[in-house]
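Spelled out, the chains give:
2 protein chains.
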Amino acid sequence: MTTRAEILIIGNEILSGKVADEHAAFLCRELRLLGVDVRRVVVIPDEVDTIAESVRAAWGRADLIITTGGVGPTHDDVTIEGLAKGLGRPLVRHPVLAQLVRDVYGASDDPYVNRLADVPEGATLIAAEGLRVPVLAVEKVYVFPGVPEVFRRKFHAIKARFQNPPFFLRTIYLGVREESVAGLLYDASAKHPDVALGSYPVGNRGAYRVRLTLESKDRMRLETAFAFVMDRLPSGSVVSVDREPDPTG
Amino acid sequence: MTTRAEILIIGNEILSGKVADEHAAFLCRELRLLGVDVRRVVVIPDEVDTIAESVRAAWGRADLIITTGGVGPTHDDVTIEGLAKGLGRPLVRHPVLAQLVRDVYGASDDPYVNRLADVPEGATLIAAEGLRVPVLAVEKVYVFPGVPEVFRRKFHAIKARFQNPPFFLRTIYLGVREESVAGLLYDASAKHPDVALGSYPVGNRGAYRVRLTLESKDRMRLETAFAFVMDRLPSGSVVSVDREPDPTG
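Taken in sequence, the protein lines are chains A and B.
So the first sequence is numbered by our numbering: it starts at 1 and just counts up by one.
So the second sequence is numbered by our numbering: it starts at 1 and just counts up by one.
One or more hints might be untrue.
[To be verified] If you want a taste of the chain A side facing chain B, the calculated C-beta under 8 Å gives, among others: (1) Asp21; (2) Val38; (3) Val41; (4) Ala196.
[Stated by the list, open to error] To spell it out: a stretch of chain B is covered by chain A in this simulated footprint if at least three of its residues, at any positions, have a beta carbon under 8 Å from a beta carbon of chain A; those stretches are: (5) 13-27; (6) 174-187.
[Stated by the list, open to error] SDA-like, lysine to any residue: derived pairs with alpha carbons at most 25 Å apart: (7) A/Lys85 <-> B/Ala57; (8) B/Lys217 <-> A/Thr50; (9) A/Lys191 <-> B/Asn114; (10) A/Lys159 <-> B/Val19; (11) B/Lys140 <-> A/Glu53.
None of these hints come from the bench; they were simulated from the model.
Note that beta-carbon positions come from the ideal geometry of N, C-alpha and C, so glycine has one too.
Isolated chain A (complex conformation) (with noise of 0.2 Å):
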């Protein structure tokens, strides 16, 4: 089975337009070279209830949900709270945490300090070589900060834990216009639901007009649907092939 994510951007900034968010097309691109499928992403803002309301809806479809943003001492950083409150949980002073922000501010009784202690009941640490901070994970939720250095440095570091099985991608460019192969492309479609064909127009100013994507799991059945679509183009309409099987190449 392969693992479907969802993932969830957090943060005011992203939304009023302060901050354009890269944490989305970084984790659609490394999940996808994981083997993993990404069925959602989404933003919200630094709300305990939106948070909490989005937790639940991705818990009930997703294998995998990634957060991002809202961790950290101050007012608008409520992530662990709506996260928390999502999946019905109180709120738990971490002993291991507690330990790391005594190592880092020294004891200390500031509130704002000490609550980077705080996570959902159950939460797990994951230490991996490289981080001074585990990632802190509620059974199938990693919870990431926002500062991108950081969230990436994080992220590779854990990140062969989401290994599954690749996908294969083949790609055509086509020099003519979508509308020539749209009926093909239901037929194959039809024809071949185990693979995923994607058709994606440029304009015409470049080199080629439409860009057809297949994609499987399954490189027999990616390279039968290939053949399949290969077969039925209009006579002259390819303009190349690709046959590399990186997703993002």
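Guided by the hints, dock chain B onto chain A, whose structure is given.
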């Protein structure tokens, strides 16, 4: 009342990491400049039922819904069908679009071309200068294509209708860690609930360590909250202050 918007980005190619979406960032920025409050962005695959469910969910929360992608003649263009299903409306052939299709393709019985004129019952067409094809709307849902230059041209052509009173923004750049102002920010956000207060750490490599943003549609309240924060910041912590009202500045 401020318009609450949700954005639906529709396309397998985004979730599978082949294309990095730029529409969400563009729309968040543009809508903010128009004074619109973007509440959520959702990226979903080209699937009728997922689109239908997402439209229904957004309909219950938002005053304005903008979709991008999934309009066109091929099998994976199912936004219109999903929208119709989500709103419980039948698909009907729109006479103006049918004429446009005939103008472009000539009289044809090609079903893949003719379905470009199908819309949910009750849909309206918004004509604007410079648009050959009008923008399709179904009440508060506006449907845009995924091809970037076409999408942007269409959005700019009709965006004036989304205009709200503007947001005003103040930015404070701090040379100290976020932890040292967390308590103050809690106090400020409790005292000034009408002013959105954001705190964004940027690591310790630049000219500042934390960017604070204060935003409101009420300029007086913004200035009051700004003064409240400035008065209480630790001595010497302010690197600079940005006075521009432009929320994307």
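Give me the numbers of the hints this structure contradicts, sorted from smallest to largest. none
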